[in-house]
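**Q** Work the whole structure out from these sequences, hints included.
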Amino acid sequence: MGIPELKENWKNTINEVTIGATKEEGGTRCKTITLGGQSTLPFLSFEGDLPNKPVIAGYVADIVPDWPDVLKNAIGKEINDPIEWAQKNVEEFGVEAINMRFLGASEATKNRSPDECAKIVEGMLKTVDVPLILWGCGEEEKDNEVLPACSHAARGENCLIGSATETNYQTVVAICKADKHKIIAEAPVDINIGKQVNILLQDAGLDLKEVVMLQTTAALGYGFDYVYTILERARIAGLQGDKLMASPQLCDIGGEVWRVKEASVDEDILTGWGALEKRGPMWEAVCAGGYLQAGADLLIMAHPKAIKIIQSTINNLL
Amino acid sequence: MIFIGERINTGFKAIKEAVINRDGDVIKETAIKQQKAGADYLDVNLGAVSAKPEDLCWMIEQVQDAVDLPISIDSNKVLMLKEAIPMCKKPPLVNSTTADDFKLDAILPLIAEHKASVIGLAMDESGSPKTVDARVEFAGQIFAKIMEYDITPEQLFLDPIVMPLKFMQDQAKEILGATAQFKLFSDPPCHIVCGLSNISNGTTQKKLINRTFAVMLVANGLDAVILDVNDEDLVNAILTAELALNKSIYADSYIDAFRS
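Top line first, the protein sequences correspond to chains P and X. Residue numbers for the first sequence follow our numbering, so the first one is 1 and each next one is one higher. Residue numbers for the second sequence follow our numbering, so the first one is 1 and each next one is one higher.
If you are wondering where the hints come from, they were derived from the structure by calculation, not from laboratory data. Some clues are possibly wrong.
Said to hold, decoys possible - Calculated cross-link-like contacts (lysine to any residue; reagent style SDA-like; alpha-carbon spacing at most 25 Å):
1) P/Lys-53 to P/Gly-241
2) P/Lys-7 to X/Phe-185
3) P/Lys-7 to X/Thr-152
4) P/Lys-243 to X/Pro-189
5) P/Lys-11 to P/Ser-45
6) P/Lys-11 to X/Asp-150
7) P/Lys-119 to P/Glu-84
8) X/Lys-77 to X/Gly-127
9) P/Lys-209 to X/Ala-257
10) P/Lys-72 to P/Glu-8
Stated by the list, open to error - Derived coverage of chain P by chain X (criterion: at least 3 residues anywhere in the stretch with Cβ under 8 Å from a Cβ of chain X; other residues may be distant):
11) 200-207
12) 231-245
Unchecked claim - Far from chain P by the CB rule (all over 12 Å, computed), these chain X residues:
13) Lys-33
14) Trp-58
15) Lys-103
16) Met-123
17) Pro-188
18) Asn-198
19) Gln-205
20) Asn-230
21) Ala-237
22) Lys-247
23) Ala-251
Quick caveat: nothing in here was measured; it's all calculated off a predicted structure. The C-beta atom is built at its ideal place from N, Cα and C for all residues, glycine as well.
**A** Rendered as structure tokens:
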């Protein structure tokens with residue numbers, strides 16, 4: 001009688017989702033990224049296959065976000081131009097994808113037209129050679145115009161489009177099918193809605209192998225543990241055989257962390273918390289590192305120092 | 001839940017005639033219908049129609065031509081199993097062995113060799129047990145024996161032996177008690193399965209009794225079941241029981257999603 005094997009033997013593997021298309025695949029990207037494919041929990045390489053490393057996408061927006069100087073200065077003057085910002089992300093910060101948000105399309109900011117947004121996408125495709133993740137401004141009505149225009153401008157590039165929710169999924173599915181992109185399925189820190197959105201996407205004729213799940217990311221200190229446990233539970237369910245939960249997962253770290261006081265207010269106000277220049281990027285890195293352990297496959301990040309720390313974390317662990 | 005579809009059984013007239021006339025279409029249709037309803041395994045039972053292994057193999061062939069589900073081979077005859085197991089495209093579930101040593105020593109080497117799974121009935125040739133303790137004792141004997149053959153708990157499906165409610169009303173709570181105890185044998189645990197429809201034999205409320213007892217069994221640890229997978233109310237009740245036990249994640253469309 002042999003000694004029983006104590007390793008966990010999961011039934012299912014997480015779906016592999018590739019973003020970006022090379023020339024041979026009908027796009028113009030030099031590199032593509034592949035998420036998922038694991039047959040065990042994060043970093044447990046002794047227990048199963050982890051064919052694809054987690055990926056960092058650099059945060060870029062078409063206007064300068066409402067961010068602290070510590071972050072804006074670390075990015076540099078390129079933050080004023082989305083294409084230069086994207087280029088710096090790829091060439092200097094070493095990110096493997098660009099996450100583009102059209103914050104300027106909102107009526108409350110620049111009310112940028114869908115055509116202008118599409119032109120920025122075209123410019124970005126010419127300037128950087130990594131896969132793109134494209135978002136509107138977060139206002140459903142405007143995004144229904146902006147996303148089709150941006151998606152069309154990147155037709156065949158196999159971008160990741162954000163995002164399909166329980167209410168707007170039909171529009172986003174139509175865009176992704178028409179222009180051959182992948183889709184982000186978003187839920188508001190709710191695993192049940194997360195599963196429901198995937199069911200709806202499947203009913204709308206989308207293969208779940210084209211889906212990356214997003215549970216609205218929480219910054220460290222602001223519900224981090226809720227999102228962590230959802231990511232972890234979804235991943236375990238996916239590995240146990242729940243095919244509706246077997247999608248790779250995305251976290252928007254940069255988009256969330258820099259809104260909280262711990263990452264944006266210096267010690268003149270937060271006495272005893274230490275210099276913001278060090279604390280801010282650490283806050284982003286620690287948040288990202290935590291979500292990696294929970295089962296995040298794609299991290300959107302902003303501060304070059306935080307990006308560097310997480311790149312090294314990933315390389316040390318895998 | 002592992003759903004094992006019970007309809008390819010010569011106890012049903014249409015299947016019996018199909019086997020006698022070698023009419024593969026009836027078997028294929030029954031296989032496809034059960035697959036669509038969400039079956040994970042299809043039980044194939046030649047029954048008393050024939051004692052020839054080639055007839056059982058023919059039935060399995062028809063099923064495998066129609067669907068890609070693994071087969072539950074409903075036979076405890078070693079000669080039959082020796083022919084049938086190797087022709088299964090996916091590791092099959094052998095249904096079943098009792099706790100008798102002579103039976104286990106004949107069947108378990110086949111299970112180990114083909115990395116198949118096996119249903120172990122908590123009884124021996126002297127008959128069915130009446131108490132929780134007797135069931136646990138038989139199940140324990142089977143469990144000890146699979147370890148000798150390097151068969152993992154995941155390959156074992158223990159069956160607490162379901163008795164008809166109408167004739168042995170005192171047995172239901174013994175079956176539930178045994179189910180709960182089987183789960184404690186090992187970590188990870190073995191599977192626990194039963195032939196559900198036995199519970200409603202001879203009654204006038206078959207579907208309701210099946211459904212009610214299924215939910216009670218799930219609450220006690222049942223994770224596989226031989227059933228009429230086309231009984232939607234029954235399957236829906238089991239899916240719902242698993243949600244209530246937090247074994248699966250709720251979504252508004254969980255019923256539709258199971259069948260899509």
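**Q** Does each hint fit the structure? Answer for all of them.
**A** Checked hints:
1. P/Lys-53 to P/Gly-241: Holds, at roughly 22 Å.
2. P/Lys-7 to X/Phe-185: holds, 18 Å
3. P/Lys-7 to X/Thr-152: holds, 13 Å
4. P/Lys-243 to X/Pro-189: Holds: P/Lys-243 and X/Pro-189 sit about 22 Å apart, inside 25 Å.
5. P/Lys-11 to P/Ser-45: Holds: P/Lys-11 and P/Ser-45 sit about 16 Å apart, inside 25 Å.
6. P/Lys-11 to X/Asp-150: Measuring from Cα to Cα gives roughly 20 Å; hence the hint holds.
7. P/Lys-119 to P/Glu-84: Between P/Lys-119 and P/Glu-84 the Cα gap is close to 14 Å, so the pair holds against 25 Å.
8. X/Lys-77 to X/Gly-127: The given pair, whose Cα atoms are some 18 Å apart, holds under the 25 Å limit.
9. P/Lys-209 to X/Ala-257: It holds: about 16 Å lies between the C-alpha atoms, which stays within 25 Å.
10. P/Lys-72 to P/Glu-8: Not OK: P/Lys-72 and P/Glu-8 at ~45 Å, beyond 25 Å, violated.
11. 200-207: Satisfied; 3 residues make the cut.
12. 231-245: Holds: 6 residues of the segment 231-245 of chain P have a Cβ under 8 Å from chain X.
13. Lys-33: Per Cβ check, X/Lys-33 is outside 12 Å of chain P; nearest 22 Å; holds.
14. Trp-58: Per Cβ check, X/Trp-58 is outside 12 Å of chain P; nearest 31 Å; holds.
15. Lys-103: At roughly 20 Å from the nearest Cβ of chain P, X/Lys-103 sits farther out than 12 Å, so the non-interface label holds.
16. Met-123: Nearest chain P Cβ is 25 Å from X/Met-123, so the label holds.
17. Pro-188: violated, 8 Å
18. Asn-198: Correct as stated: the minimum Cβ-Cβ distance to chain P is 28 Å, above 12 Å.
19. Gln-205: With a cut-off of 12 Å, X/Gln-205 remains clear of chain P, as the shortest Cβ separation is near 33 Å.
20. Asn-230: Label holds. Min Cβ-Cβ 22 Å, cutoff 12 Å.
21. Ala-237: holds, 19 Å
22. Lys-247: About 9 Å separates X/Lys-247 from the closest Cβ of chain P, which leaves it inside 12 Å; violated.
23. Ala-251: violated, 4 Å
Comparing the model with each earlier hint shows violations of hints 10, 17, 22, 23; every other hint is respected.
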